[in-house]
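Trainee: Sequence:
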Amino acid sequence: MINLEPDTETLAGNIGQSSPLGATVTDGGVNFSLYSRTATGVELLLFNDVDDSAPAQVVPIDPSSGRTYHYWHAFVPDIHPGQLYGYRVSGPWAPQRGLRFDLASILSRDANGYPIPNPPVLWDIESDPDLADTKLLAEAWDAAGLYQVGSFVGDSWREWNGRFRDDVRDLFRCEPGSARRIADRIVGSPEIYGHKGREVEQSVNFVTCHDGFTINDLVSLNDKHNGANGEGNRDGASDNRSWNCGAEGQTDDPQIERLRNRQVKNFLTVTMLSLGVPMIAMGDEVRRTQHGNINAYCQDNEISWFDWSLLEKHADVLRFVRLLTARRVLRTTEHERRRVSLVQLLAEANESWHGVKLNQPDWNEESCSLAQLRSEGLHFHLILNAYREPLEFELAHLDTGPWRRWIDTALDSPDDIVPWDSTPAIPTDTYLAESHSVVMLIAGGLAT
Numbered sequence: 000m001i002n003l004e005p006d007t008e009t010l011a012g013n014i015g016q017s018s019p020l021g022a023t024v025t026d027g028g029v030n031f032s033l034y035s036r037t038a039t040g041v042e043l044l045l046f047n048d049v050d051d052s053a054p055a056q057v058v059p060i061d062p063s064s065g066r067t068y069h070y071w072h073a074f075v076p077d078i079h080p081g082q083l084y085g086y087r088v089s090g091p092w093a094p095q096r097g098l099r100f101d102l103a104s105i106l107s108r109d110a111n112g113y114p115i116p117n118p119p120v121l122w123d124i125e126s127d128p129d130l131a132d133t134k135l136l137a138e139a140w141d142a143a144g145l146y147q148v149g150s151f152v153g154d155s156w157r158e159w160n161g162r163f164r165d166d167v168r169d170l171f172r173c174e175p176g177s178a179r180r181i182a183d184r185i186v187g188s189p190e191i192y193g194h195k196g197r198e199v200e201q202s203v204n205f206v207t208c209h210d211g212f213t214i215n216d217l218v219s220l221n222d223k224h225n226g227a228n229g230e231g232n233r234d235g236a237s238d239n240r241s242w243n244c245g246a247e248g249q250t251d252d253p254q255i256e257r258l259r260n261r262q263v264k265n266f267l268t269v270t271m272l273s274l275g276v277p278m279i280a281m282g283d284e285v286r287r288t289q290h291g292n293i294n295a296y297c298q299d300n301e302i303s304w305f306d307w308s309l310l311e312k313h314a315d316v317l318r319f320v321r322l323l324t325a326r327r328v329l330r331t332t333e334h335e336r337r338r339v340s341l342v343q344l345l346a347e348a349n350e351s352w353h354g355v356k357l358n359q360p361d362w363n364e365e366s367c368s369l370a371q372l373r374s375e376g377l378h379f380h381l382i383l384n385a386y387r388e389p390l391e392f393e394l395a396h397l398d399t400g401p402w403r404r405w406i407d408t409a410l411d412s413p414d415d416i417v418p419w420d421s422t423p424a425i426p427t428d429t430y431l432a433e434s435h436s437v438v439m440l441i442a443g444g445l446a447t
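For what it's worth, numbering that gives the first Met the number 0 labels the leading residue of the sequence shown as 0, then goes sequentially.
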C-alpha cells in the first residue's frame, strides 16, 4: 500500500507543476493524503484556469502497461484568484484488484466546495465497463464534515462503515442505546443500506484501521497520546470511544490485562461474524501498539514499527484470529453440495432476538446485552454481554441435539475458541456469559 504523506512545501508559484500529494497550501490550509495499493502516481496540481486544456476525468495514458487512467478532480478555488487546486491519480487497474479512496466524499463536491447530487467523476468511475471487476472502496466522508456512509453515489462502491466502528466500540463501553444499534450492525446495517436495496457486502465492517487507535490501544487507553508528534497532542480526533479497562497504558495488573485480552477478542469476533465485509488492521491479530499515538504517520521509530516478538507474546490472540477467519470462509460438510460459506449461511438464516429470557430482547437505553438466534440447517446462538456482571441466558430447545460452545471470549486459550469437531456440549438449558464477553453456540450439521 503506497502511503504518500504530507509535505510542508507550499504550492504558491508552482503553476502547472505538481507537488507530492498531501502538500500543504500554507495560506489556505489544504492538506490531502491518499492510500492506494494500485496507484503509481499521485499529484496535487495547481492550474491558472480550468478549461478544455485541463486533464479529462478519464483518459488512458499508457495502454502498453495495461488499463491505465488519469482521474482528475478539481476543488478549492479562490485560495488565489484565478487558480484552482486539484488532484490526479494515475496507475494500472487490473481485474480483481482495487483502489481505496481516502476521504472520498470530497469527490462529491463542486469547484466551490458544495456537495452535488450526481458528481461526474464518481459516475465516470462507476459506469466505466472496464472497471466492472475492479474493487472500489470509499472512505465515505471528508475532512469538512460531509458524511455519506450508506448514501455514497452508485452501486459499485464498497464503503467503510464508520457507524459499525462507532457502535461496536460503544457497546463494549455500555453506552446508552448501544444494544439496539449493534443489532442492526450485526445483520449488515439495513438501517443504513436497506433503503437503497444494497447488498450487505457493500458494508466494510471494521473497528480499527490505519488511522486512530490500534485494537490494543483501544482497550488500554482512554485518551490519545500524540505528544511525540510535536503538536501538543492537538492532532488527531479526540472522540475515540475507547476504554482502558482500569488503568491508562501498560500495566502489570493481571486482571486488567485479562480483561483487555477479552475485549480484543470481543471486537474481533463481532467484526468477523457480522454480515458484510470484515476488515482487520494489520497487527491487531497480535495486539500491536502505537503507545496511544493515533496519528503515527510521521513516526519512523518504535511507535509505528511492527514488533515481531508480539507473535509469541500474544500467540493466543493470533490463534483466535486464525480459527475465526478460517471458519468464516470454510464451507460446512452439510452444505458442501451447495457451496455455501458460513457467512452465506448467516445471511440466509431465520433470525430472532432474545435477552436473558428467550424472545424477550431488552431494547432499553441502558441495555448492553442481547442474544441472537439464527437457524438455517445450522443453528447459531450469539450472546453479547458487555455488562459489568455475568448474565445467565436461556437457550432454545432444539430437536437436532444439544448446543455446543464454539466461542467464549471469557475463557482462556485454547478454550476461548475451538475447532467445530471439538465443541463441547452444553448440558443445561442456560448459559452463563461472563461480564464483557461474547459467546457463540452452534448446533446441527457440525463440520469436521
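No lab work stands behind these hints: they were computed from the structure. Every residue, glycine too, gets a C-beta built ideally from N, C-alpha and C. Among the clues, some could well be false.
As the list claims (entries may be wrong) - Ranges between beta-carbon positions, derived for each pair:
{"#": "1", "residue 1": "393", "residue 2": "120", "range": "24 to 32 Å"}
{"#": "2", "residue 1": "301", "residue 2": "427", "range": "44 to 52 Å"}
{"#": "3", "residue 1": "222", "residue 2": "325", "range": "31 to 39 Å"}
{"#": "4", "residue 1": "412", "residue 2": "362", "range": "18 to 26 Å"}
{"#": "5", "residue 1": "128", "residue 2": "245", "range": "17 to 25 Å"}
{"#": "6", "residue 1": "296", "residue 2": "249", "range": "45 to 53 Å"}
Trainee: In ascending order, which of the hints set out earlier in this document are inconsistent with the structure?
Mentor: 1, 4, 5, 6
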